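Using the hints, position chain B against chain A.
One letter stands for each residue in the lines below.
Number of protein chains: 2
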Amino acid sequence: MSVPRSVAAHRQAVVELLTGVSADRGKLRLPLLEALGKALAVDVYAPLSLPPFDNSQMDGFAVRSADIPDGGAELRVAEPVPAGAAPAALKPGFAAPIMTGAVIPEGADAVVPIEKATPNAFPDPAAGEAVVVLPSVAPGTYVRDSGSDIGKGELALVAGTRMGPAQLGLLAALGLTTVEVRKPWRVLLVTTGDEVVEPGKELTAGKIFDSNGTLLEASMRQAGLDVVRTGISDDDPSKLLAVLQRHTGPAEDRVDVIVTTGGVSKGAYEVVRQAMANQPVEFLPVAMQPGGPQGLGTVEGVPFLGFPGNPVSCLVSFEMFLRPALSQVLGTPAQRPVLKARLAESLTSPEGKHQVRRGTMGADGTVRMEGGAGSHLVHALARANALVQIPGDVTELAEGDEVEVWML
Amino acid sequence: MSVPRSVAAHRQAVVELLTGVSADRGKLRLPLLEALGKALAVDVYAPLSLPPFDNSQMDGFAVRSADIPDGGAELRVAEPVPAGAAPAALKPGFAAPIMTGAVIPEGADAVVPIEKATPNAFPDPAAGEAVVVLPSVAPGTYVRDSGSDIGKGELALVAGTRMGPAQLGLLAALGLTTVEVRKPWRVLLVTTGDEVVEPGKELTAGKIFDSNGTLLEASMRQAGLDVVRTGISDDDPSKLLAVLQRHTGPAEDRVDVIVTTGGVSKGAYEVVRQAMANQPVEFLPVAMQPGGPQGLGTVEGVPFLGFPGNPVSCLVSFEMFLRPALSQVLGTPAQRPVLKARLAESLTSPEGKHQVRRGTMGADGTVRMEGGAGSHLVHALARANALVQIPGDVTELAEGDEVEVWML
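Read top to bottom, the protein sequences are chains A and B.
Its first residue numbered 909, the first sequence is counted upward by one per residue in the working numbering.
Its first residue numbered 909, the second sequence is counted upward by one per residue in the working numbering.
Just chain A, same shape as in the assembly (with noise of 0.2 Å):
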């Protein structure tokens, strides 16, 4: 092997091995809660203003602001306006009771709350003519415009925006019922290794059952990608790539990324190397614990990428290699939130090797290790909810100390 890619240098290869060589997916149209995680696939523009138009910002009185000297004046109550009524025009010397997000009479240009109204209360339109006696007013007070979000025509969503409540409602609150997204990438996921049984078979002497198949199919699951599993893999390189060349034809099988588990290392039956001996895919050592060898290529023109086989391996290689490129090259996953937090305890980490380790962060913002470096720790996994970057030249961190943590 050669010397060691470092972890940034490795995560833009797998960038740009998604950028280049998978082709577009396409559209799919949708409506807008079956959107959310997805990706926008094009541009939305505004096909109207919102607000739509100019609207009260409080429960008051709209008025017409040049009725009401410095001192205040009494006006002559007119016709409520409820939200969701289309007023008539306001006369001078008249103010209109309005409620919040109702439209501003023409004429009116201001609202004063009913607090700073005299009484401060509305009258009862059932008992007759009234008047009220209000303060002076700028234009414009309380008085939310058309369009001061956004205007007819303007960009509304840009293309690659990942479809959360926020964006939906705002899809929404223009009229629009469906939305069109990227289309979910598919993946197949292989898992190997002769010694890997089936969760609910028999467990015989020296077997394991496989993890890296649920963990795995679960964390590409959350990052929206579609999945296409074949059972374990046994150590036949020929029967692998079999299974895999089944994925990688022009037919609706074919799946836009391989990942396989396991057999990327040096040992002396390392299956995924040998199944990629004539393929364009290089194994090679990124400078990161766990998870230091790893595969990246093609097969069949489908990008590739070979994961180690301890559990905890996979998932870190998943988390600081795929669901970043995703992420980049998709707009969907959103990225994991980064945290600084204090460590709860002294460690250690190689020199020269990214380690990531796994924590809980603590509500008072420090964070504890959780488990060993040992990658094939995966009930300590399963109490962690973070991940812990320790860089390469780093190889003593004290109580205390502070880290980069990302949030799982």
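A hint or two may mislead.
The list treats identical chains as one, so a pair stands whether inside a single copy or across any two.
[What the hints assert, rightly or not] Capping the alpha-carbon separation at 25 Å, the derived lysine-lysine pairs in DSS-like fashion look like this: (1) Lys1109 <-> Lys1060; (2) Lys1024 <-> Lys1174; (3) Lys1091 <-> Lys1248; (4) Lys999 <-> Lys1024.
Everything labelled a hint here was simulated from the structure, so no lab data went into it.
All values derive from a computational prediction rather than experimental measurement.
Coordinates of chain B only, in the frame set by chain A:
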């Protein structure tokens, strides 16, 4: 209205409402991947140890450490032990080629990595008998002990744990294929207002499209709730109450929580307040902006939350009250990650009110505001990725000041 309640006190009131009133909805046994994001219903104990057997942490040679004196020794090479095999016992004077994850043969107690062997490559088993020179090694070196991650019968996951990829991966590693989770709560979501029109319909003068329904349903789905929607309710209180009561009976239409939007303020046409006149529901001001007016209580025993009518107020009400209460009471969704960020601009905030501004976190650790304080600014909201928390006793902040930020 009385003295405004603090944000913390109102959140606590929501927690107590959800804890006290709604009974456990029961459990649901699901295939592992369908449990993603849901909360574990029961404690899970490990049906086997992890690792299930002592195994090698490296590719190398399994040895009896007592066979190798300080200066090293030449040993005869035994049958190789691939991962997944059940090896024969290791005879004294022999070293067995062993792969990462493979069973440590009986008699062996340490592994020497292949890099430290002379020659530093595995001999071809077909080439006949071979020898290898190995340095001395302490007992236990590069051996992962059976049960070192978790022992058989130990608590693997505690009830209430949110099932993410790592937790599901652990259950798979334990050989499990299904898991009992808490049944998701059902929420009835009703948007109100004479001025509000369903997106896709015609927008006449004075009307606006309903964005609250889409925004809150998306938020609730993201938080793992099942959402029941009704159409938009007009401003007839008795009709609204009838709609709610259809979902509070003992039948299968019954929901666990009711959320309405709008009609909780002090205007003349407050349909939710009027509909709740004979229900144990309190309408009160919370010292928060936006989202100050809140309704809280029960309708026929079902917890009820009345949110204000503006989209930003709805989102803030959900994020500040309902979502954290669900996290606390149900174990899911996960708490929002809280960051410290530096303000990219100065701002002012009303005294005595906790202000929740919308912002965008930059890669440089600063946060800039999106839009002003106005609770109708749904386009600005759609550009934001964070809520910026300005406590009630803070009225002015300068550029560079530190604020608490909740990542959306």
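Consistency of the hints with the structure:
Within a single copy, Lys1109 and Lys1060 get their C-alpha atoms only as close as 60 Å, which misses the 25 Å cut-off; across copies the closest is 18 Å, which meets it. In this assembly of identical chains, the alpha carbons of Lys1024 and Lys1174 lie at most 25 Å apart only when taken from different copies (14 Å versus 80 Å within one copy). Proximity of Lys1091 to Lys1248 under the C-alpha cut-off of 25 Å is found in neither arrangement, the shortest distances being 35 Å within a copy and 35 Å between copies. For the identical chains of this complex, Lys999 and Lys1024 are intra-copy neighbours only, at 21 Å inside a copy versus 96 Å across copies, given an alpha-carbon limit of 25 Å.
Violation of the numbered hints given earlier is confined to hint 3; every other hint is satisfied by the structure.
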